[in-house]
Amino acid sequence: DSGVTQTPKHLITATGQRVTLRCSPRSGDLSVYWYQQSLDQGLQFLIQYYNGEERAKGNILERFSAQQFPDLHSELNLSSLELGDSALYFCASSPRSGTSGGYNEQFFGPGTRLTVL
Amino acid sequence: GQQLNQSPQSMFIQEGEDVSMNCTSSSIFNTWLWYKQEPGEGPVLLIALYKAGELTSNGRLTAQFGITRKDSFLNISASIPSDVGIYFCAGQLGWDYGGSQGNLIFGKGTKLSVKP
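If you read the protein sequences in the order shown, they are chains A and B.
Residue numbers for the first sequence follow this note's numbering, beginning at 1 and rising by one.
Residue numbers for the second sequence follow this note's numbering, beginning at 1 and rising by one.
It is possible that some hints are incorrect.
Listing some non-contacts, in silico: residues in chain A with all C-beta distances to chain B over 10 Å [what the hints assert, rightly or not]:
1. 11
2. 15
3. 77
4. 80
5. 83
6. 106
Derived pair list, reagent style DSS-like, types lysine-lysine, alpha-carbon separation capped at 27 Å [stated by the list, open to error]:
7. B/51 x B/108
8. B/108 x A/9
9. A/57 x B/108
10. A/9 x B/111
11. A/57 x B/70
12. B/70 x B/51
13. B/111 x B/70
14. A/57 x B/115
15. A/57 x A/9
Rough simulated footprint, nothing fancy, chain A against chain B, three-plus residues with beta-carbon under 8 Å [claimed, not checked]:
16. 43-56
17. 102-115
It is worth saying that the hints were derived from the structure and are not from the lab.
Everything numeric in this text was worked out from a predicted model, so none of it was measured.
Think of the CB as a built atom: it goes at the ideal place given N, C-alpha and C, for glycine as much as any other residue.
Make the full structure from the sequences, and use the hints.
Take a look at the structure:
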């Protein structure tokens, strides 16, 4: 158990819909990262939050957004869903921002499997 | 964008054999991490490397951070059936070489199958 929790485990929805994925980081970790894993693209970085603020953006679509709350949990919002958004979505957490050195291992949650029909 | 080239893509080995896999990049990394992922689960951190030339072991696993900071390898000795899974390398770009983000860049993974 990494200490990172994600809900829900599975999500099935229809095209055009909007869903919210939730992540709670390990106790004491300030950074939360969201990754998307699909069969053809592997693990792709979407976005990072550090202590409530957006820190880095990867290949995140405009239809997707995220936020980190004062208690440090994070939510990833996916809207106007398309078939191609079906994937595993992982959240990871680490102690620091990762932009200035120091040990900063990232620990992954169990993921949310999103299926868009 | 930056990519990590991980090889081999898959390996089929006999129980007891040693395994070696590696990752290379054209970019310089400050951190190399190795993860293992089993079906339906999230990646589990195996080994973290922070210094060029660093050699670190975790049980039967040994990983090294390449001297050039552009590569890393993972060795598994005396493989057992529970070693089955997909192994990913991941790197964080060097902040002293222009990298300014904490996110990881992942290789495509090495799928390991172990025959008892």
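| Distal placement of residue 11 of chain A relative to chain B, Cβ over 10 Å | Consistent with the label, residue 11 of chain A stays out of reach of chain B, its closest Cβ about 14 Å off (over 10 Å).
| task | Could you grab the alpha-carbon distance between residue 108 of chain B and residue 9 of chain A and see if it respects the 27 Å cut-off? | result | 23 Å, holds
| said: With the threshold set at 27 Å, check whether the alpha-carbon distance from residue 57 of chain A to residue 108 of chain B stays at or below it. | reply: 20 Å, holds
| query | If you draw a straight line from the CA of residue 111 of chain B to the CA of residue 70 of chain B, is it 27 Å or shorter? | reply | 22 Å, holds
| query | Are the Cα positions of residue 70 of chain B and residue 51 of chain B separated by 27 Å at most? | reply | 12 Å, holds
| Given coverage of the segment 102-115 of chain B by chain A, tested with a Cβ cutoff of 8 Å and a minimum of 3 residues | holds (count 8)
| field | Reported absence of residue 106 of chain A from the contact zone with chain B (all CB gaps over 10 Å) | value | 6 Å, violated
| request: Classify the label on residue 83 of chain A as holds or violated, using whether its beta-carbon is more than 10 Å from each beta-carbon of chain B. | output: 21 Å, holds
| residue 77 of chain A clear of chain B by more than 10 Å, beta carbon to beta carbon? | With a cut-off of 10 Å, residue 77 of chain A remains clear of chain B, as the shortest Cβ separation is near 19 Å.
| task | Measure nothing beyond the straight line between the CA atoms of residue 51 of chain B and residue 108 of chain B; if it is 27 Å or shorter, mark the hint as holding. | result | Satisfied, since the Cα-Cα distance of roughly 23 Å is no more than 27 Å.
| query | Within a Cα-Cα threshold of 27 Å, do residue 57 of chain A and residue 115 of chain B meet the stated pairing? | reply | 41 Å, violated
| said: Checking a non-interface call: every C-beta of chain B should be farther than 10 Å from the C-beta of residue 15 of chain A. Is that right? | reply: Holds: least Cβ distance 24 Å, greater than 10 Å.
Consistency note: the structure conflicts with the earlier hints numbered 6 and 14.
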